[in-house]
Amino acid sequence: AQSVSQHNHHVILSEAASLELGCNYSYGGTVNLFWYVQYPGQHLQLLLKYFSGDPLVKGIKGFEAEFIKSKFSFNLRKPSVQWSDTAEYFCAVGLTGGFKTIFGAGTRLFVKA
Amino acid sequence: EAGVVQSPRYKIIEKKQPVAFWCNPISGHNTLYWYLQNLGQGPELLIRYENEEAVDDSQLPKDRFSAERLKGVDSTLKIQPAELGDSAVYLCASSPQGAGANVLTFGAGSRLTVL
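Going down the list, the protein sequences come from chains F and D. Going by the working numbering, the first sequence runs without a break in its numbering and finishes at 113. Going by the working numbering, the second sequence runs without a break in its numbering and finishes at 115.
Keep in mind that the hints are not guaranteed to be accurate.
[Said to hold, decoys possible] Here are the simulated DSS-like pairs of lysine-lysine, each with C-alpha atoms no more than 25 angstroms apart in a straight line:
(1) 16(D) x 71(D)
(2) 112(F) x 71(F)
(3) 100(F) x 112(F)
(4) 100(F) x 16(D)
(5) 69(F) x 112(F)
(6) 78(D) x 100(F)
(7) 100(F) x 71(D)
(8) 61(F) x 49(F)
(9) 49(F) x 71(F)
[To be verified] Not everything, but these chain D residues come out facing chain F in the computed CB check (under 7 angstroms):
(10) 17
(11) 20
(12) 102
(13) 106
(14) 108
These are calculated hints, taken from the structure and not from any lab test. Glycine included, C-beta positions come from ideal geometry on N, C-alpha and C.
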């Protein structure tokens, strides 16, 4: 069965620290890849997406993610986090053809000011 | 542009009572999703509609859950009767056809507490 695995459930960082959140998926077919973010008290919203082309994609607020097909991974990175990045981050895999999107369990990030 | 609108935002009911959630997707979005999100977990798909047709309802517990999307716009999700384990956030999302498919826009969610 298809699944999405996020490596960390909780991450605590100080401001200006670098961030990397791991995401691996299990599915042998073509996929679209996403990171969604949920800030406290707000809706889930799209952070960035990968459909094809350059495996390094840039999203809003300085976030980027790299698709490594051989590792079935789509890790999220940011060189220097801010207090306002405190949120829950969800990796998601869209299965093309069926338009089914599967989410990971989420990583809750807390950035200390 | 209005986003995905859901109501109610919060609902507290006693077990065995019925409950219904409503969703209005983004105008022009043909695909509508209902997701269930338990505490500490990611969203899990309950049902997906393409226009008014339910094309994926394999994860919907059909003994107590039902959904409809009349006229291919608004949708309702009903639970009858509710059980304690149904306490969760029910998320509605929509997406367009074509290149934007798979890119979900979520509503604020309906948080259900079953006592």
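Hints, verified against the model:
no., hint, result
1, 16(D) x 71(D), "30 angstroms, violated"
2, 112(F) x 71(F), "32 angstroms, violated"
3, 100(F) x 112(F), "36 angstroms, violated"
4, 100(F) x 16(D), "31 angstroms, violated"
5, 69(F) x 112(F), "33 angstroms, violated"
6, 78(D) x 100(F), "22 angstroms, holds"
7, 100(F) x 71(D), "22 angstroms, holds"
8, 61(F) x 49(F), "14 angstroms, holds"
9, 49(F) x 71(F), "18 angstroms, holds"
10, 17, "27 angstroms, violated"
11, 20, "21 angstroms, violated"
12, 102, "4 angstroms, holds"
13, 106, "4 angstroms, holds"
14, 108, "5 angstroms, holds"
The structure fails hints 1, 2, 3, 4, 5, 10 and 11 (numbered hints given earlier, in ascending order).
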